[in-house]
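There are 2 protein chains.
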Amino acid sequence: MSRLLELLKIKYPIIQAPMAGGMTTTSLVSAVSNGGGLGNIGAGYMTANDLRVQIRDVKATTANPFGINLFVPEHVQYNESLADDSFTYMKPFRKQLELKEEVVRHYDSNFEDQLQVILEEGASVCSFTFGLPNKGVIEALHQNGTVVIGTATTVVEAQEIERLGLDAIVVQGSEAGGHRGNFLHQTDHSLIGLMSLVPQVADNVTIPVIAAGGIMDGRGVSAAMCLGAQGAQMGTAFLTCTESGANEVYKKAVLEANEDELILTKAFSGKFARGINNYFIEQMNLYDKELPPYPIQNTLTKGLRKEAGKQSNSDFMSLWSGQSPRLSRAISAQQLIEQVMDEMNNILM
Amino acid sequence: MSRLLELLKIKYPIIQAPMAGGMTTTSLVSAVSNGGGLGNIGAGYMTANDLRVQIRDVKATTANPFGINLFVPEHVQYNESLADDSFTYMKPFRKQLELKEEVVRHYDSNFEDQLQVILEEGASVCSFTFGLPNKGVIEALHQNGTVVIGTATTVVEAQEIERLGLDAIVVQGSEAGGHRGNFLHQTDHSLIGLMSLVPQVADNVTIPVIAAGGIMDGRGVSAAMCLGAQGAQMGTAFLTCTESGANEVYKKAVLEANEDELILTKAFSGKFARGINNYFIEQMNLYDKELPPYPIQNTLTKGLRKEAGKQSNSDFMSLWSGQSPRLSRAISAQQLIEQVMDEMNNILM
Numbered sequence: 001m002s003r004l005l006e007l008l009k010i011k012y013p014i015i016q017a018p019m020a021g022g023m024t025t026t027s028l029v030s031a032v033s034n035g036g037g038l039g040n041i042g043a044g045y046m047t048a049n050d051l052r053v054q055i056r057d058v059k060a061t062t063a064n065p066f067g068i069n070l071f072v073p074e075h076v077q078y079n080e081s082l083a084d085d086s087f088t089y090m091k092p093f094r095k096q097l098e099l100k101e102e103v104v105r106h107y108d109s110n111f112e113d114q115l116q117v118i119l120e121e122g123a124s125v126c127s128f129t130f131g132l133p134n135k136g137v138i139e140a141l142h143q144n145g146t147v148v149i150g151t152a153t154t155v156v157e158a159q160e161i162e163r164l165g166l167d168a169i170v171v172q173g174s175e176a177g178g179h180r181g182n183f184l185h186q187t188d189h190s191l192i193g194l195m196s197l198v199p200q201v202a203d204n205v206t207i208p209v210i211a212a213g214g215i216m217d218g219r220g221v222s223a224a225m226c227l228g229a230q231g232a233q234m235g236t237a238f239l240t241c242t243e244s245g246a247n248e249v250y251k252k253a254v255l256e257a258n259e260d261e262l263i264l265t266k267a268f269s270g271k272f273a274r275g276i277n278n279y280f281i282e283q284m285n286l287y288d289k290e291l292p293p294y295p296i297q298n299t300l301t302k303g304l305r306k307e308a309g310k311q312s313n314s315d316f317m318s319l320w321s322g323q324s325p326r327l328s329r330a331i332s333a334q335q336l337i338e339q340v341m342d343e344m345n346n347i348l349m
Numbered sequence: 001m002s003r004l005l006e007l008l009k010i011k012y013p014i015i016q017a018p019m020a021g022g023m024t025t026t027s028l029v030s031a032v033s034n035g036g037g038l039g040n041i042g043a044g045y046m047t048a049n050d051l052r053v054q055i056r057d058v059k060a061t062t063a064n065p066f067g068i069n070l071f072v073p074e075h076v077q078y079n080e081s082l083a084d085d086s087f088t089y090m091k092p093f094r095k096q097l098e099l100k101e102e103v104v105r106h107y108d109s110n111f112e113d114q115l116q117v118i119l120e121e122g123a124s125v126c127s128f129t130f131g132l133p134n135k136g137v138i139e140a141l142h143q144n145g146t147v148v149i150g151t152a153t154t155v156v157e158a159q160e161i162e163r164l165g166l167d168a169i170v171v172q173g174s175e176a177g178g179h180r181g182n183f184l185h186q187t188d189h190s191l192i193g194l195m196s197l198v199p200q201v202a203d204n205v206t207i208p209v210i211a212a213g214g215i216m217d218g219r220g221v222s223a224a225m226c227l228g229a230q231g232a233q234m235g236t237a238f239l240t241c242t243e244s245g246a247n248e249v250y251k252k253a254v255l256e257a258n259e260d261e262l263i264l265t266k267a268f269s270g271k272f273a274r275g276i277n278n279y280f281i282e283q284m285n286l287y288d289k290e291l292p293p294y295p296i297q298n299t300l301t302k303g304l305r306k307e308a309g310k311q312s313n314s315d316f317m318s319l320w321s322g323q324s325p326r327l328s329r330a331i332s333a334q335q336l337i338e339q340v341m342d343e344m345n346n347i348l349m
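Chains A and B, in that order, give the protein sequences. In terms of full-length UniProt numbering, the first sequence is numbered consecutively and its last residue is 349. In terms of full-length UniProt numbering, the second sequence is numbered consecutively and its last residue is 349.
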């Protein structure tokens with residue numbers, strides 16, 4: 001049994017990525033944890049109260065360990081006129097969707113309140129993206145018996161995670177869908193494929209490494225283990241599962257996408273993220289360098305994305321996906337775990 | 001024994017990448033082929049006569065199969081003023097290196113003559129980059145008993161290679177050093193990590209797949225096999241070997257580089273390639289969108305690169321490398337092959 005499996009107290013080296021924005025329903029998280037992997041609540045955008053409710057729901061439906069992921073707030077400096085301009089660019093889209101609702105420009109981080117809930121309710125695992133919590137937070141979580149995991153996109157970021165005393169590292173390859181987790185490097189210096197990133201990180205840290213990005217099946221999990229990872233985190237693979245909260249239009253888009261349709265864009269949030277190319281990205285990329293930073297642009301596009309989802313209009317939805325959409329399957333999370341483990345055992349026997 | 005090993009008549013699934021520009025000396029190619037892998041002459045920039053001489057030299061030093069790689073010429077349309085401007089940007093660098101030699105702006109493809117030499121001299125393997133040869137060329141090579149290999153960066157490119165009747169596909173991941181091999185896609189749609197690219201290609205073609213990009217050791221070769229490849233092509237790993245023709249300053253730069261220093265740039269050639277960031281790239285990237293296309297920019301920078309090499313000035317050299325420089329070793333090619341196979345056998349036993 002690997003150190004990671006011991007640490008996380010799980011049976012299989014399969015971690016369901018904590019996709020934020022409603023994907024990680026209680027039924028998905030519980031199905032993964034009940035199936036022998038680690039389910040994860042993507043709590044980045046959740047209110048403290050919603051998080052408390054979901055933690056209790058998950059605990060009611062699985063006795064196995066599960067995790068919670070938080071976004072570490074970043075200091076944001078920007079010119080208010082960038083937000084004005086961005087709003088202007090998006091006016092025609094709002095009209096097209098007949099969106100009347102006022103744009104919310106104000107942004108409050110829920111981070112401190114979310115942390116308080118996690119300390120009060122207790123959780124097996126707490127992972128962080130976009131940065132690292134301070135020493136005090138890490139100690140408080142450890143005292144509560146919570147395993148603390150960081151997200152790295154380079155060797156230096158991984159070393160910083162180990163130096164601060166975290167217990168494991170999610171190593172995000174350039175293949176990954178959704179937001180880039182870089183926090184010490186600029187994105188263009190941290191888009192490193194897993195084939196390169198995993199062994200270089202594994203050689204330079206002593207805590208367990210979890211590979212993330214483009215892993216969808218037993219071939220990917222086996223490859224990650226060969227490279228030096230002790231586990232694989234899969235997002236897109238769980239996104240199209242029955243239990244995932246992704247919009248059906250979104251699931252269909254991923255199931256039908258090809259690997260050459262995935263692009264990096266700041267259009268939806270002001271931070272680079274990988275998703276399926278669509279009308280909104282194409283239009284907003286014209287203003288690529290003029291958009292306000294994350295989380296401002298994210299707040300500005302929120303109403304638009306929500307309304308597009310309601311209308312099942314994929315032109316304006318953020319269709320985050322890793323680079324392996326051809327490998328996605330429309331099955332249950334338990335079936336996915338079973339099939340992946342079968343495939344892996346056939347390869348690594 | 002895999003179909004690839006049968007096809008190439010080699011012992012180990014290790015292919016030395018055909019790095020162009022003087023890296024693939026006869027002693028490197030022969031050492032790899034004598035060591036049980038497939039040595040490759042990177043003939044892209046060679047004159048027909050130099051290629052003929054090297055083919056004879058390699059044959060005199062190994063009885064085992066070896067390959068030759070050619071660049072398929074592309075139709076180039078550009079505005080002459082772009083070349084004028086690019087020359088102007090580089091004037092201060094020429095002054096700094098005290099480079100008096102006239103800039104050669106004229107470009108002739110040696111492709112037809114190179115092919116003729118390969119048909120006359122005979123070779124076990126001929127691979128192509130930047131595009132595909134026509135049916136007649138493929139047939140002539142096949143009639144000569146030469147295995148024909150194409151380079152793909154997406155599933156569609158791989159399918160095109162199979163459709164044209166080639167025998168195997170080098171699948172180039174985003175991790176790869178040197179020039180991008182895309183020929184049907186724009187670069188930004190074809191930067192796909194091997195973790196994603198190999199299984200998606202393997203599911204959609206029937207001919208053998210060779211993984212290329214960031215693979216440096218037994219972990220990488222094992223991972224490539226798990227993903228569905230039958231062999232691994234390694235460039236940077238052989239670049240720092242004793243027998244490689246790379247300038248010592250270049251070897252040292254790779255041996256000391258970190259994964260976050262590798263960037264994609266058009267600065268040296270007009271075509272995207274991955275290398276270690278340096279002064280020339282930083283300066284020329286200011287004019288990124290205004291440079292003439294490949295091979296024009298490549299021709300314009302040739303004298304500069306050559307003189308920088310003579311002066312061991314790495315500020316102006318193209319320091320191509322994949323994303324795994326931390327894994328590079330300064331050993332002989334035979335030692336590298338032995339160590340990689342040992343590492344692989346320890347993992348996949």
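Note that these hints are calculated values from the structure, not bench results. Among these hints, one or two may not hold up.
Identical copies go unnamed one by one, so any copy, or any two together, can satisfy a pair.
[Stated by the list, open to error] Subject to a maximum C-alpha distance of 20 Å in a straight line, what follows is the list of computed DMTMM-like cross-link-like pairs (lysine to aspartate or glutamate):
#, residue 1, residue 2
1, K11, D108
2, K271, E343
3, K302, E248
4, K271, D84
5, K95, E121
6, K251, D108
7, K306, E261
8, K91, E112
9, K252, E98
Given the structure is predicted, the values throughout are model-derived calculations rather than measurements.
Among the hints numbered above, which are violated by the structure, and what are their numbers in rising order? Violated hints (numbers, rising): 1, 2, 5, 6, 7, 8, 9; every other hint is consistent with the structure.
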